[in-house]
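Q: Based on the hints, put chain B in the right spot on chain A.
Taken in sequence, the protein lines are chains A and B.
For the first sequence, position 15 (counting from the first letter as 1) is numbered 15 according to the numbering used here, and the numbering increases by one without interruption.
For the second sequence, position 172 (counting from the first letter as 1) is numbered 303 according to the numbering used here, and the numbering increases by one without interruption.
Mixed in with the good hints there might be a few duds.
[Stated by the list, open to error] Label-pair restraints from in silico Cβ distances:
#  : chain 1 : residue 1 : chain 2 : residue 2 : range
1  : A       : D83       : B       : P275      : 35 to 41 Å
2  : B       : R285      : A       : P69       : 15 to 21 Å
3  : B       : A231      : A       : A92       : 32 to 38 Å
4  : B       : R285      : A       : R62       : 35 to 41 Å
5  : B       : R285      : A       : D83       : 23 to 29 Å
6  : A       : D83       : B       : R218      : 27 to 33 Å
7  : A       : P69       : B       : L331      : 54 to 60 Å
8  : A       : S72       : B       : R285      : 22 to 28 Å
9  : A       : P69       : B       : G323      : 25 to 31 Å
10 : A       : S72       : B       : A178      : 35 to 41 Å
11 : A       : S72       : B       : A203      : 21 to 27 Å
Keep in mind the hints are simulated off the structure, nothing from the lab.
C-beta atoms are modelled at their ideal positions from N, C-alpha and C, and glycine is treated no differently.
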Amino acid sequence: MLAPLAASACSGTHAADSRGATVVRVTERDFRIHLPTRIPAGDVRLVVENHGPDQHELIVVRASGGELPLRSDAATVDEEGLDPVTVGVLEAGAVGSVRELDLRLGPGRYEVFCNMAGHYLGGMSAEFTVV
Amino acid sequence: MRRRLAFTPFAGSGRSVIAAILATFALSSTITVGLSIWATSREQHRAAVFEVAARQRTLAERYVKEVLLVHAGADADPGATAAVLRRSAAVLLDGGEAPAVNGDDDETDVTGAVDPVVRHQLQQEGRLVHDLTLTGSAIVTGRPVPLSETAHERLKTTDPIARLRILSDLTSNVSLNAARTIATNADRSVGGLIFIQVALGVAGLSVSLLLAFALVAATRRRTAHFRSIVSASTDLVLVFGEDGCRYVSDSVVATVGIQASEMQGDGYARFVHPDDLAAVRLAHSRARPSQLVFRMTNQFEEWRYLEAQVTDLRNDRHVRGVVMNARDVSERVRLEEELTHQAYHDGLTGVANRALFRDRLDQAIALSARTRTSFSVLIVDVDGFKGVNDSLGHDAGDELLTAVARRFEDALRPGDTIARFGGDEFGLLA
Chain A
1 MLAPLAASAC SGTHAADSRG ATVVRVTERD FRIHLPTRIP AGDVRLVVEN
51 HGPDQHELIV VRASGGELPL RSDAATVDEE GLDPVTVGVL EAGAVGSVRE
101 LDLRLGPGRY EVFCNMAGHY LGGMSAEFTV V
Chain B
132 MRRRLAFTPF AGSGRSVIAA ILATFALSST ITVGLSIWAT SREQHRAAVF
182 EVAARQRTLA ERYVKEVLLV HAGADADPGA TAAVLRRSAA VLLDGGEAPA
232 VNGDDDETDV TGAVDPVVRH QLQQEGRLVH DLTLTGSAIV TGRPVPLSET
282 AHERLKTTDP IARLRILSDL TSNVSLNAAR TIATNADRSV GGLIFIQVAL
332 GVAGLSVSLL LAFALVAATR RRTAHFRSIV SASTDLVLVF GEDGCRYVSD
382 SVVATVGIQA SEMQGDGYAR FVHPDDLAAV RLAHSRARPS QLVFRMTNQF
432 EEWRYLEAQV TDLRNDRHVR GVVMNARDVS ERVRLEEELT HQAYHDGLTG
482 VANRALFRDR LDQAIALSAR TRTSFSVLIV DVDGFKGVND SLGHDAGDEL
532 LTAVARRFED ALRPGDTIAR FGGDEFGLLA
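Excised from the complex, chain A in its bound form (with noise of 0.2 Å):
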């Protein structure tokens, strides 16, 4: 199983898991999320590292083209709103935390975002698509 995220994490390729899942390496960094931009359709496995140095959270929506929409706080997005799209949640995982999340994913763009006060307006969330 570490072989080929080695791999992964090193071409920026995909490997698969033993369930045949694509497995994908997520790194969370300062304010930043850093993901490969296209990954095949069907079961998806996203491995996130968390590299600090603050606690982050990752939030997959199917992407509409436009910016999120923000809480009145105009500091978070808005979550409930995003539940329609919404494919999957990660909790806020510590510093050096290593993660999973597991989906199914069908054809089109999606974004990731990390919704902690501040961090996706600070330029945390980044897009990929999927074929």
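A: Frame of chain A, contents of chain B only:
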């Protein structure tokens, strides 16, 4: 055959063990106090760092307010707040003197962050403060925000006011996280310190208990050792206090066949010869004389002579009594009596010999001179005694001499003396 080594620590002196126990306590206490002082000092410093880190949140919010006030045309000095923010961020990371906040606190000495997570958070805070103050400065001066210089974070907006608010939120967020991490590390450190102090306390107590047990065991061994020596000794050890006999060694059974318990208190008096009892009482009450011979009866109701060495240990706090070390000298006394008897008596007839007769004669002369009384001396020999020896043999002669001596004894008064000078010659003193 493998020799088994006995575990006999501290068999030498108990003082060294007591010193070791005290040293263990002292060392344990010193380390604990030292750790506490060190930890207290460290926690005071951490508290100062925590305070400065947490203060950044307030300063960031104040800075935004002041920028907005100036932007709205009001009077404020965001530049001063920006300077404190930047200086504090740098000091938190690399150490130095954190600037005072007007009306809030004084300068605080801070050492640089060491923990990698805290450093990472403070580095991020430094970037945010840099972006925040550059953005605020641009707003105050009405210049465009230098995006190329504030590109540490990829903010979602280019609107200066919105950027200012976002950067302020992030600065607050990161400052709070850094402060929390510092506090968490402090809690962990205090927990570790408590564990170390408890472990030290337990270790110190364990070592001290171990040493104390070893000391008790060594003392017991030594006591048993000396008790065995005293018990196995044929000498009789008696300790007298004000309440009579307080201790009798077990050898009293072997020596005179009396149980030690029977000797306790005044019980010993029943076994001491009445004529010697006063001397024994004097010896144990005054520790005088230092040497004493007295008689004790044994289980066969025979009088045994005991020679005792008397030692005054009433001032010795371990004894508090007079100690008599006595040994049975009955055989020696009897031998001495026999030798004395032989020296002054005729071996054949048992009456006095010439030496004793001479001594008695000297006494009689002296008494006569003092009391002006008279005495008589009669020198007698047995006529024809040689003929008895020659005709009937020497045994018959000896028998005759013995019979003559008995007859003289019967005829004399108890205070008179009959002596055999030798051969058939007798002397009478009356």
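Q: So, for every hint listed, does it hold in this structure?
A: Hint check:
For the pair D83(A) and P275(B), the beta carbons lie near 39 Å from each other, so the given range of 35 to 41 Å is met. Taking the beta carbon of each, R285(B) and P69(A) are about 19 Å apart, inside 15 to 21 Å as hinted. Between A231(B) and A92(A) the C-beta distance comes to about 35 Å, which sits within the given range of 32 to 38 Å. Checked against the hint of 35 to 41 Å, the pair R285(B) and R62(A) fails, with Cβ atoms roughly 22 Å apart.
Here the CB-CB span from R285(B) to D83(A) is close to 26 Å, well matched to the stated 23 to 29 Å. Taken as a hint, the range 27 to 33 Å is violated for the pair D83(A) and R218(B), whose Cβ atoms sit roughly 45 Å apart. As the Cβ distance of P69(A) to L331(B) is approximately 58 Å, the hint placing it in 54 to 60 Å holds. The given range of 22 to 28 Å is respected by S72(A) and R285(B), whose C-beta atoms sit roughly 24 Å from each other.
In this structure, P69(A) and G323(B) break the distance hint of 25 to 31 Å, their C-beta atoms being roughly 46 Å apart. A hinted range of 35 to 41 Å for the beta carbons of S72(A) and A178(B) is consistent with their spacing of about 36 Å. For the pair S72(A) and A203(B), the beta carbons lie near 22 Å from each other, so the given range of 21 to 27 Å is met.
Hint violations for this structure: numbers 4, 6, 9, all remaining hints satisfied.
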